[in-house]
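Enquirer: Protein sequences, first through last, are from chains P and Y. If you read the first sequence in our numbering, its first letter stands for residue 1, the second for the next number, and so on. If you read the second sequence in our numbering, its first letter stands for residue 1001, the second for the next number, and so on.
Among these hints, one or two may not hold up.
Which chain Y residues stay away from chain P? Per the calculated CB distances, all over 12 Å, these [said to hold, decoys possible]:
(1) G1016
(2) P1017
(3) W1031
(4) L1038
(5) E1039
(6) G1040
(7) G1044
(8) I1048
(9) T1050
(10) S1055
(11) S1064
(12) G1069
(13) D1073
(14) G1076
(15) T1077
(16) R1080
Label pairs and their in silico Cβ distance ranges [said to hold, decoys possible]:
(17) V25/P x D1067/Y: 22 to 28 Å
(18) E1059/Y x L95/P: 20 to 26 Å
(19) T1026/Y x G119/P: 17 to 23 Å
(20) Q224/P x R1063/Y: 52 to 58 Å
(21) D1073/Y x P194/P: 55 to 61 Å
(22) G1024/Y x L16/P: 22 to 28 Å
(23) G1040/Y x R29/P: 16 to 22 Å
(24) V15/P x A1052/Y: 50 to 56 Å
(25) V82/P x G1024/Y: 31 to 37 Å
(26) A248/P x G1040/Y: 53 to 59 Å
(27) T1046/Y x V235/P: 46 to 52 Å
(28) G1040/Y x A180/P: 35 to 41 Å
Don't read these hints as lab results, they were simulated from the structure. Using N, Cα and C, we set each Cβ at its ideal position, and we do this for glycine too.
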Amino acid sequence: MLSDAELERYSRQLVLPEWSELAQVRLQRSSVLVVGAGALGAPVAYYLAGAGIGRLGILDDDTVELSNLHRQLLHFTPDIGVPKAESAAAKLAFLNPEIVVDPYPARFEAANGALLVAGHDLVVDCSDSFETRYAVNAACCAAGVALVEGGAVGFTGLVMTILPGRSACYRCAFPEPPPADAQPTCAQAGILGPAAGVVGSLMALEALRHLGGIGARLTDAFAQIDLFDYALTRVNVTREPSCPDCSAH
Amino acid sequence: MTRPGRDVGGDGRDVGPVGLDVSGLTCPMTWVKAKLALEGLCPGDTLIVTCAPASEALENVPRSARDAGHSADVEGTTVRIVKC
């Protein structure tokens, strides 16, 4: 049962015909790890905290820099030099004191991946490197933890939901990372803050759909988002039987 | 939520109308409360919603209920909703 304060806090989602008290309770009982508290992680964490996810882990080993502030909307000028995980957790605690927020000032790597994803119902990967992305995918596949994957650079983005053992994983869709010099990072390519915000918002929407039980829509597919010409394309993918990340699980 | 005229059916389940007072609330909380109360009922069950006199809830609650597929009637400050 939701308290009167919770009913009011979540009223604008509870009135949706597609949402329900049961969906809200599912969120309350969920634990989500957000990998990265930057341009994607900030809107993801904001919306998940606001929506009432019971426990939210925020993982990032960076500190806030001046050049982050135009797009990383949980960090502000006085936060420069503060660990992003701590900065984000502090704002999220203000946003919704009804939930638990755990800051993890650490880096997601293959060596600690199993430990980091254990116990979570969902991981939302908002990291900005292919190395981390493949490590998160592998850890989630091994642990059977659902994953919302995403990335944004320039005016383009990608969002994909992975249900290990049931739908294609990130490596099924992208077997190998692009050569290191072929893929620009945000620092090299630049990005407008709202473009990252749109992609992060779609990732949060997928997470809420999955956790609320109304069904994620981007399984066995990814959304290719072109924010220059405003085109959202669904690209279907299939499970790769010999995928080293998901075929054994 | 109260159950005026409580009645127990043959299967042991309450079948009497369920009462809900939203007279101290404003939109959208009036419909949020009614919607969640309906979620806990079975098709055919009745929810009696008491609204404040001359309040917008007397229009919004039955309209939202009908939009959701339920049948709804208003009498005075009472909205009677039968779950679809």
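Enquirer: A separate judgement is required for each hint: does it hold in the structure or not?
Expert: Results of checking the hints against the structure:
Chain P leaves G1016/Y outside its interface by the beta-carbon criterion, the shortest separation being 21 Å against a cut-off of 12 Å. With 12 Å as the threshold on Cβ separation, the claim that P1017/Y sits away from chain P holds: the shortest Cβ distance comes to roughly 20 Å. With 12 Å as the threshold on Cβ separation, the claim that W1031/Y sits away from chain P is violated: the shortest Cβ distance comes to roughly 6 Å. The Cβ of L1038/Y sits about 10 Å from the closest Cβ of chain P, inside the 12 Å cut-off, so the non-interface label is violated.
Separation of E1039/Y from chain P is inadequate, the least Cβ-Cβ distance of about 5 Å not exceeding the 12 Å criterion. Annotated as non-interface, G1040/Y brings its C-beta within 12 Å of a C-beta of chain P; the closest such distance is 8 Å. Its beta-carbon lying about 19 Å from the closest one in chain P, G1044/Y satisfies the requirement of being farther than 12 Å from that chain. Non-interface call for I1048/Y relative to chain P: holds, since the shortest CB-CB distance, roughly 20 Å, exceeds 12 Å.
Chain P leaves T1050/Y outside its interface by the beta-carbon criterion, the shortest separation being 17 Å against a cut-off of 12 Å. Every Cβ of chain P is farther than 12 Å from the Cβ of S1055/Y; the closest lies at roughly 17 Å, confirming the non-interface assignment. With a least CB separation of 8 Å from chain P, S1064/Y falls inside the 12 Å interface cut-off, contrary to its annotation. With a least beta-carbon separation of about 9 Å from chain P, G1069/Y fails to lie farther than 12 Å from that chain, contradicting its non-interface assignment.
Distance check on D1073/Y: its Cβ is at least 21 Å (rounded) from any Cβ of chain P, clearing the 12 Å threshold; non-interface status holds. A cut-off of 12 Å between C-beta atoms confirms that G1076/Y is not in contact with chain P; the least separation is 25 Å. Non-interface call for T1077/Y relative to chain P: holds, since the shortest CB-CB distance, roughly 21 Å, exceeds 12 Å. The claim that R1080/Y lies off the interface holds: its Cβ sits roughly 20 Å from the closest Cβ of chain P, which is beyond the 12 Å cut-off.
The beta-carbon spacing between V25/P and D1067/Y, approximately 24 Å, falls within the hinted interval of 22 to 28 Å. Checking the proposed 20 to 26 Å range against E1059/Y and L95/P shows it is violated: the Cβ atoms sit about 33 Å from each other. At about 40 Å, the CB distance of T1026/Y to G119/P disagrees with the hint of 17 to 23 Å. The beta-carbon spacing between Q224/P and R1063/Y, approximately 40 Å, falls outside the hinted interval of 52 to 58 Å.
Against the hinted window of 55 to 61 Å, the Cβ-Cβ separation of D1073/Y and P194/P comes to about 47 Å, which falls outside the hint. The hinted range of 22 to 28 Å is satisfied by G1024/Y and L16/P, whose Cβ atoms lie roughly 24 Å apart. The hinted range of 16 to 22 Å is satisfied by G1040/Y and R29/P, whose Cβ atoms lie roughly 18 Å apart. Between V15/P and A1052/Y the C-beta distance comes to about 19 Å, which lies outside the given range of 50 to 56 Å.
Separation of V82/P from G1024/Y is about 43 Å and departs from the stated range, judged on CB atoms against 31 to 37 Å. Between A248/P and G1040/Y the CB atoms are about 43 Å apart, so this pair departs from the stated range of 53 to 59 Å. The beta-carbon spacing between T1046/Y and V235/P, approximately 49 Å, falls within the hinted interval of 46 to 52 Å. Take G1040/Y and A180/P: their Cβ atoms lie about 56 Å apart, and the range 35 to 41 Å is violated.
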